[in-house]
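**Student:** Chains A and B, in that order, are what the protein sequence lines are. The first sequence finishes on residue 1559 if you use the numbering used here, and the numbering steps up by one all the way, no holes. The second sequence finishes on residue 1559 if you use the numbering used here, and the numbering steps up by one all the way, no holes.
Please note that a few of the clues may not be correct.
Capping the alpha-carbon separation at 25 Å, the derived lysine-lysine pairs in PhoX-like fashion look like this [claimed, not checked]:
(1) A:K1218 - B:K1251
(2) B:K1303 - B:K1231
(3) A:K1220 - B:K1303
(4) A:K1389 - B:K1220
(5) B:K1231 - B:K1187
(6) A:K1334 - A:K1389
(7) A:K1334 - B:K1334
(8) A:K1220 - A:K1191
(9) B:K1539 - A:K1218
(10) A:K1532 - B:K1303
From the structure, some residues in chain A lie toward chain B, with a derived Cβ separation under 7 Å [stated by the list, open to error]:
(11) N1199
(12) A1249
(13) N1277
(14) Y1285
(15) G1293
(16) V1386
(17) A1445
(18) P1448
(19) E1449
(20) G1509
(21) I1528
(22) S1531
No lab work stands behind these hints: they were computed from the structure. Here the structure is a predicted model, which means the values were calculated and not measured. Even for Gly, the Cβ is constructed at its ideal location relative to N, Cα and C.
Spelled out, the chains give:
There are 2 protein chains.
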Amino acid sequence: MFQKITEKDINYWRTVVGEQYVLLDNEDLLAVSKDETENLVYVPEAVVQPHNADEISLLLKYCNEHKIPVTTRGAGTGLSGGALAVAGGLVLDTKRLNKIVGIDTDNFQVTVEPGVITQELQDAVKEKGLFYPPDPASKGSCFIGGNVAENSGGPKAVKYGVVKDYVLNLEVVLADGTIMWTGANVLKNATGYNLTQLIVGSEGTLAVITKIVLRLIPAPQFDMLVLVPFKSATAACEAVNKIMLSGVIPSGLEFMERDAIEWTMRHMDSSVISLTDDVQAHLLIEVDGNERDVLYKEVEQINNVLETFDIGEVLFADSHQQKQALWSVRRKVGEAVKSYSIYKEEDTVVPRAKLPELLQTVKMLGEKHGFQSVCYGHAGDGNLHVNIIKGDMSDDDWNTKLSEGIAELFKAVVGMGGTLSGEHGIGWVQKQYMHIAFSKAHIALMKQIKTSFDPNGILNPLKVLPE
Amino acid sequence: MFQKITEKDINYWRTVVGEQYVLLDNEDLLAVSKDETENLVYVPEAVVQPHNADEISLLLKYCNEHKIPVTTRGAGTGLSGGALAVAGGLVLDTKRLNKIVGIDTDNFQVTVEPGVITQELQDAVKEKGLFYPPDPASKGSCFIGGNVAENSGGPKAVKYGVVKDYVLNLEVVLADGTIMWTGANVLKNATGYNLTQLIVGSEGTLAVITKIVLRLIPAPQFDMLVLVPFKSATAACEAVNKIMLSGVIPSGLEFMERDAIEWTMRHMDSSVISLTDDVQAHLLIEVDGNERDVLYKEVEQINNVLETFDIGEVLFADSHQQKQALWSVRRKVGEAVKSYSIYKEEDTVVPRAKLPELLQTVKMLGEKHGFQSVCYGHAGDGNLHVNIIKGDMSDDDWNTKLSEGIAELFKAVVGMGGTLSGEHGIGWVQKQYMHIAFSKAHIALMKQIKTSFDPNGILNPLKVLPE
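Go ahead and model the full structure; you've got the sequences and the hints to work with.
**Tutor:** What follows is the structure, encoded as structure tokens:
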């Protein structure tokens, strides 16, 4: 149904974005052919780099009329293949939409273009005493536009929520070239259907995001960080809920299996954590706020909970450097596992108290289906990243049989009241499992919504929704 | 296009819900013919009172096939006419879906049916040490289902957010009778389109909500409340933003014009607030948390801000009774204004710092168009309720010309980055103004979404979306 790109198409795009912003060289095409999802490669036919909504409007209108697939791309740090041009066609690279349009310190809001790196956005608002909490592990390189498209989370979500909790309004371009704001720059809104929240997490399949209005909060002034070694990984998962039940809401509550830490420190050539032989997992726990005394009390309260478990010596990070070093280990786990082996990453999420059961299920399924796994993630949210390692699995088992094991895992997750993805999205690699979480009627309804936005199906085709 | 109800329809419904739950008496029809919106009355042809999703599924399937309009109704406390059966047909009364299905203290969640009174829900979870913050002024009588349908707010929203920030998952029945859960019982979710958030605030036009999973938070242990008289209403609005900029996030930050308080105390026969002649407006400010010392510090910090304004004597509520009395005045303003005069209520919302400008615009337009207004509301969110009083306006001016003034107000609001409704919804009485906030393309897209859910348009017809 889609059309191949022609010379005529390319000439038109050149008139829209400028000669040098239509890329056709093999090298340029390869540069946008991957994201961080496994080792998948899909080479598009062309790349355009527009620099504003008006240009995107013209591009989409044209592609819509000519039935050319358009895959919008941020920084390419996605973990579900959302930015892969699996249907060929055009990659719409958002890197030139890279302005922080304005920080509204009166209203605690920022208006930003999608191609701004999340960390840079955080730093810019922090200079004004404001805080944008959601920070995926890739915050130093990912784009805020991708974060919105995937409804990203990150370690702060346990206290501060995910991206969707901060998006107030979006400027988007629809498939037919219509430019619109989805909502208003207000904290509460009961005016028509919430298209803003519908587009957050829709992974580039409904519209192209060209501006984002985020609410901000006053930056907390202090934080404290502790690392807690556990002799049982299941016990560490159990402690997570006990901490929450004690009444403290940490600003970070991360779980890492022993292998995750060991491999990451080796990968980083770091020795910040001393791993004794009896340690099976760690919790990394942060509290933040404006009152040091309160934070000390909270750490003590957490400690009282921890003492009821069989733990090793708690490491209390006593400097900014040490905090950075510990967070850095946590942030690099994905990268480290990737460097160690071919792997598939699942992004399971369950009601928090089910975390021990989830971990045990992962290991049980690993034994049954013959896969090794490294688990870590945002335990405070019940969000466990399960990295399945190819190791010495045969190519045949890896390519064909493993999906049975993953399907079984997802069935268990759904049975626990959870779902397929907490923050990585469905994209390309998880859509085959969507029927586990959703009925046919539900998927049909999502498809009708897709069609309402994008009748010709040009926007990020073949993603999210199964055939 | 819609069909009138026949004897055959009624007989079928009786087999579904039981004889006594199909109501046809004039008195029963009148009882559901109103909500709290102005003095509007729309009498339906019949009322059904199903008691679970299965019954609702059968009812909707039937009405969908027979093209009978279905208006879902909660407690009838709405302020935009959302529950009025303006197209006749059937009213689906949700009062028998009145169970708190379960409070999950492990995961801080509650599953509740739509016909539970919000206050009762709050009380039930509070007994378990948990807190469900959104509490509209009508919390003692409104249903949680209506709150979700309208995306309600309330005074706590300034710190804790609105209903949409607490809804994790919904069981809904679609127009064709399909029963589905929209999401999962998890804190983060990046799995397909966010139908949960699309249905929150959709005012019964997309689906009938039959179960609601809400996240909860640990209940804060202490709160403090102060009432601050201002000699200028505009100055009171200015103080709102200054308080927020000082770094404190109050758990309530309410604005009331002098008339609002005067009329309400007269209506309630209360004297809790002593109004000196020079007072033009009040701020009611609450802080909450688990550390009394911190609350005292916050009140002091707020006081430092207030001292830069020309204020009267600050009333520090020193008992639970006094706090209740003050909140009671605030909660009763709407009712009091209603008892005083025929009125129309607007629910304007702007970025918070624009509040003084909004208030001045309201008064300026009142002078221009000859209407008197009483303003109050959730100033911390930029959400100002504008009650327009009929007073001695002629019926002709009231019925025909006033809408020009309201349209002008909404245009100004949209120009400030705001929108038509912060928490009351669009329903029946505001839809004529939707074109002020949305382009034709935007409204067309919303209509397509409506059609995806409800192709025959039987669910709450003629609401939200303009023709």
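**Student:** Does each hint hold? Answer for all of them.
**Tutor:** Going down the list of hints, with the structure as the test:
A threshold of 25 Å between alpha carbons decides the hint, and for K1218 of chain A with K1251 of chain B the separation of about 20 Å falls inside it, so the pair holds. Distance restraint check for K1303 of chain B and K1231 of chain B: the Cα-Cα separation of roughly 19 Å lies within the 25 Å cut-off, and the hinted pair is therefore satisfied. Distance hint between K1220 of chain A and K1303 of chain B is unfulfilled; the C-alpha atoms sit about 42 Å from each other, more than 25 Å. For a cut-off of 25 Å, the pair hint linking K1389 of chain A to K1220 of chain B stands: about 23 Å separates their Cα positions.
With a C-alpha separation of about 15 Å, the suggested pairing of K1231 of chain B with K1187 of chain B holds against the 25 Å cut-off. A hinted pair counts as satisfied when its Cα atoms are at most 25 Å apart, and K1334 of chain A with K1389 of chain A qualifies at roughly 16 Å. For the hint linking K1334 of chain A to K1334 of chain B, the alpha-carbon distance of about 39 Å lies beyond 25 Å, and the restraint is violated. Our distance criterion of 25 Å between C-alpha atoms is met by K1220 of chain A and K1191 of chain A, whose separation comes to about 17 Å.
A hinted pair counts as satisfied when its Cα atoms are at most 25 Å apart, and K1539 of chain B with K1218 of chain A does not qualify at roughly 40 Å. As the CA atoms of K1532 of chain A and K1303 of chain B are separated by approximately 20 Å, the hinted pair is consistent with the 25 Å bound. Checking N1199 of chain A against chain B by beta carbon gives a least distance of about 4 Å; that is within 7 Å, so the hint holds. Given the 7 Å rule on beta carbons, the hint for A1249 of chain A holds: about 6 Å separates it from the nearest Cβ of chain B.
Given hint, N1277 of chain A at the interface with chain B, holds; its Cβ is 4 Å from that chain's nearest Cβ, closer than 7 Å. For Y1285 of chain A, the interface hint holds, since its Cβ comes within 7 Å of a Cβ in chain B; the closest pair sits about 5 Å apart. Look at G1293 of chain A: its Cβ gets to within about 5 Å of chain B, closer than 7 Å, so that hint holds up. Hint status for V1386 of chain A: holds, given a least beta-carbon distance of 6 Å to chain B, under 7 Å.
Interface restraint check for A1445 of chain A: the shortest CB-CB distance to chain B comes to about 4 Å, inside 7 Å, so the restraint holds. Here the hint on P1448 of chain A is broken, as its CB sits about 11 Å from the closest CB of chain B, past 7 Å. This hint is violated: E1449 of chain A has a C-beta 12 Å from the nearest C-beta of chain B, more than the 7 Å allowed. Below 7 Å, beta-carbon pairs count as interface contacts, and G1509 of chain A has one with chain B at about 4 Å; its hint therefore holds.
Below 7 Å, beta-carbon pairs count as interface contacts, and I1528 of chain A has none with chain B, the closest being about 10 Å; its hint is therefore violated. For S1531 of chain A, the suggested interface contact is upheld, since its CB lies about 6 Å from the closest CB of chain B, less than 7 Å.
Of the numbered hints listed earlier, those contradicted by the structure are 3, 7, 9, 18, 19 and 21.
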